[in-house]
Structure formats: C-alpha cells, structure tokens
Amino acid sequence: DGGITQSPKYLFRKEGQNVTLSCEQNLNHDAMYWYRQDPGQGLRLIYYSQIVNDFQKGDIAEGYSVSREKKESFPLTVTSAQKNPTAFYLCASSIGGGQLSPAYGYTFGSGTRLTVV
Amino acid sequence: AQSVTQPDIHITVSEGASLELRCNYSYGATPYLFWYVQSPGQGLQLLLKYFSGDTLVQGIKGFEAEFKRSQSSFNLRKPSVHWSDAAEYFCAVGARGQNFVFGPGTRLSVLP
Numbered sequence: 001d002g003g004i005t006q007s008p009k010y011l012f013r014k015e016g017q018n019v020t021l022s023c024e025q026n027l028n029h030d031a032m033y034w035y036r037q038d039p040g041q042g043l044r045l046i047y048y049s050q051i052v053n054d055f056q057k058g059d060i061a062e063g064y065s066v067s068r069e070k071k072e073s074f075p076l077t078v079t080s081a082q083k084n085p086t087a088f089y090l091c092a093s094s095i096g097g098g099q100l101s102p103a104y105g106y107t108f109g110s111g112t113r114l115t116v117v
Numbered sequence: 001a002q003s004v005t006q007p008d009i010h011i012t013v014s015e016g017a018s019l020e021l022r023c024n025y026s027y028g029a030t031p032y033l034f035w036y037v038q039s040p041g042q043g044l045q046l047l048l049k050y051f052s053g054d055t056l057v058q059g060i061k062g063f064e065a066e067f068k069r070s071q072s073s074f075n076l077r078k079p080s081v082h083w084s085d086a087a088e089y090f091c092a093v094g095a096r097g098q099n100f101v102f103g104p105g106t107r108l109s110v111l112p
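In order, the protein sequences belong to chains A and B.
For what it's worth, my numbering labels the leading residue of the first sequence as 1, then goes sequentially.
For what it's worth, my numbering labels the leading residue of the second sequence as 1, then goes sequentially.
The hints are simulated quantities; they were obtained by calculation from the structure and are not laboratory data.
There could be a bad hint or two in this list.
Claimed, not checked - Taking CB as the label site, the calculated pair distances span:
| no. | chain 1 | residue 1 | chain 2 | residue 2 | range |
| --- | --- | --- | --- | --- | --- |
| 1 | A | Asp59 | B | Arg107 | 15 to 25 angstroms |
| 2 | B | Gly97 | A | Asn53 | 18 to 28 angstroms |
| 3 | B | Ser18 | A | Gly40 | 17 to 27 angstroms |
| 4 | A | Phe12 | B | Ala29 | 38 to 48 angstroms |
| 5 | B | Ser3 | A | Gln56 | 17 to 27 angstroms |
| 6 | B | Thr5 | A | Gly16 | 36 to 46 angstroms |
| 7 | A | Asn28 | B | Arg96 | 28 to 38 angstroms |
| 8 | A | Ala103 | B | Ser70 | 21 to 31 angstroms |
| 9 | A | Gly16 | B | Arg77 | 41 to 51 angstroms |
| 10 | B | Ser84 | A | Arg44 | 38 to 48 angstroms |
| 11 | A | Gly97 | B | Asp54 | 19 to 29 angstroms |
Stated by the list, open to error - Simulated coverage check for chain A against chain B, where a stretch passes if three residues somewhere in it have a Cβ under 8 angstroms from a Cβ of chain B:
| no. | segment |
| --- | --- |
| 12 | 69-82 |
| 13 | 108-116 |
By construction, the Cβ of each residue, glycine as well, lies at the ideal position given by its N, Cα and C atoms.
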C-alpha cells in the first residue's frame with residue numbers, strides 16, 4: 001500500500017544536539033511538507049518542497065533544515081539553534097502542480113514525537 | 001490570503017448525540033475544502049473534501065459536510081456520535097498554487 005513513513009516514532013534529543021527525522025513516501029507525489037504541532041495548537045508549516053532539489057521556508061523555519069535529494073525522501077534536521085524543539089512533527093505529501101492538484105488533498109505520516117532530555 | 005477559523009476549541013457530546021463542528025474560511029474564489037481527523041499521537045486522516053458539485057458531501061465514518069458559499073462555511077456533521085469519534089478535527093482550505101491552510105482544530109470528547 002502507498003503511504004508516508006515517518007521514523008522514528010519517538011526521538012529524544014540532548015541539549016546542543018542535531019537530530020534528523022525521516023520521511024519517506026511511495027505515492028509518487030511531487031510535493032512534501034513538514035509541520036510542527038504543539039499541544040492545543042494547530043499545524044505550523046516548517047518547510048516544503050514542490051520538486052526535487054528545491055525547497056522553501058514555511059512559517060517557522062528557524063532552527064530547522066531540510067534536503068530533497070530524492071523525490072520520495074524529505075528528511076528534517078532539528079538543529080541546536082532550535083531552542084524549543086519538543087513537539088510532534090508531521091510529514092505530508094501531495095500530488096503537487098496541475099489545475100486540480102489541491103483536490104487530492106494532503107496525505108500525512110503518523111508523526112514523530114521529539115523530546116529534549 | 002486564505003484563512004480558516006474553527007470557533008470551537010473543545011466540544012463535548014454524549015454518545016449517540018448529533019454533532020456539528022464549525023469551520024469558516026476566507027478566500028476570494030471557490031476554495032478546495034477539507035476535513036481531517038487526528039487521533040492522539042497519530043497523523044491526520046482525510047474525512048472528506050469539497051471543491052465542486054453537490055454542496056453536501058459524504059465522507060468516511062458516517063461524516064458529512066455542507067458547503068455554504070453565502071456563509072463561507074464548511075461545517076462537519078454526524079447524526080450519531082460514537083465513542084471512537086473522540087479526536088481532534090481540522091478544517092483546511094487549499095487553492096491552486098498555494099499551500100493548504102489549516103484551522104486551529106476542534107477537540108471532540110464523547111461522554112458514555
């Protein structure tokens with residue numbers, strides 16, 4: 001079955017460490033997204049990518065970095081510059097481009113919960 | 001710019017009661033509208049969507065939503081709530097060439 005796989009499900013980070021969250025999709029979607037979710041808050045966009053080797057900052061990109069070397073992969077690195085990284089991180093993908101592309105919606109992974117220890 | 005509001009942060013209903021979750025959007029043209037559901041610790045699952053045609057759309061798990069252009073609303077309804085419906089619900093609006101905008105979510109609690 002096609003879908004999005006996020007790993008690990010739980011991740012612990014020490015102060016000053018960089019950690020990388022994995023997101024892989026086999027839906028052949030062009031666009032991929034990273035969201036951060038905090039308790040009682042909605043989804044905030046961190047980074048997004050419409051095509052391979054290209055990505056753009058979202059609303060809260062500071063302290064994060066991404067790469068898009070392959071269509072199916074969009075890893076997110078939480079750097080030591082992110083002062084409050086404890087949150088639930090969601091990866092999503094969409095068909096991208098085309099007149100009716102929004103109609104297909106976004107497909108989400110099951111998330112990674114990052115905790116600073 | 002698009003925006004989405006969900007006026008109710010938290011709603012509690014009794015099992016078997018009817019449910020309506022409100023969603024209002026701001027967008028110049030006809031938007032692409034979605035409802036997603038999120039169980040604790042999980043990702044978001046698409047419940048239903050609207051972008052043209054019949055303004056009453058049916059989704060999974062017995063949910064439906066009605067698009068009302070005059071009120072800029074896309075409210076989610078279910079005639080009889082089950083305990084398993086307890087979750088967080090997000091309304092979202094999409095448009096060609098733009099990222100989706102998600103509402104802040106409504107948390108649904110179900111009393112036995």
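Results of checking the hints against the structure:
Range check, aspartate 59 of chain A to arginine 107 of chain B: about 22 angstroms between beta-carbon atoms, so the 15 to 25 angstroms window is met. Between glycine 97 of chain B and asparagine 53 of chain A the C-beta distance comes to about 20 angstroms, which sits within the given range of 18 to 28 angstroms. As the Cβ distance of serine 18 of chain B to glycine 40 of chain A is approximately 26 angstroms, the hint placing it in 17 to 27 angstroms holds. In this structure, phenylalanine 12 of chain A and alanine 29 of chain B meet the distance hint of 38 to 48 angstroms, their C-beta atoms being roughly 45 angstroms apart.
For serine 3 of chain B and glutamine 56 of chain A, the hinted distance range of 17 to 27 angstroms is satisfied, since their beta carbons lie about 20 angstroms from each other. Between threonine 5 of chain B and glycine 16 of chain A the CB atoms are about 39 angstroms apart, so this pair conforms to the stated range of 36 to 46 angstroms. Distance hint check for asparagine 28 of chain A and arginine 96 of chain B: the Cβ-Cβ separation is about 20 angstroms, which falls outside the suggested range of 28 to 38 angstroms. In this structure the hint that alanine 103 of chain A and serine 70 of chain B lie 21 to 31 angstroms apart at CB holds, the actual value being about 22 angstroms.
At roughly 49 angstroms, the beta-carbon separation of glycine 16 of chain A and arginine 77 of chain B lies within the given 41 to 51 angstroms, and the hint holds. At about 28 angstroms, the CB distance of serine 84 of chain B to arginine 44 of chain A disagrees with the hint of 38 to 48 angstroms. For the hinted restraint 19 to 29 angstroms between glycine 97 of chain A and aspartate 54 of chain B, the CB-CB distance of approximately 27 angstroms keeps it satisfied. With 0 residues bearing a CB less than 8 angstroms from a CB of chain B, the segment 69-82 of chain A misses the requirement of three and the coverage assertion fails.
Note: the segment 108-116 of chain A has 5 residues with beta-carbon separation from chain B under 8 angstroms; the three-residue rule is met and the coverage holds.
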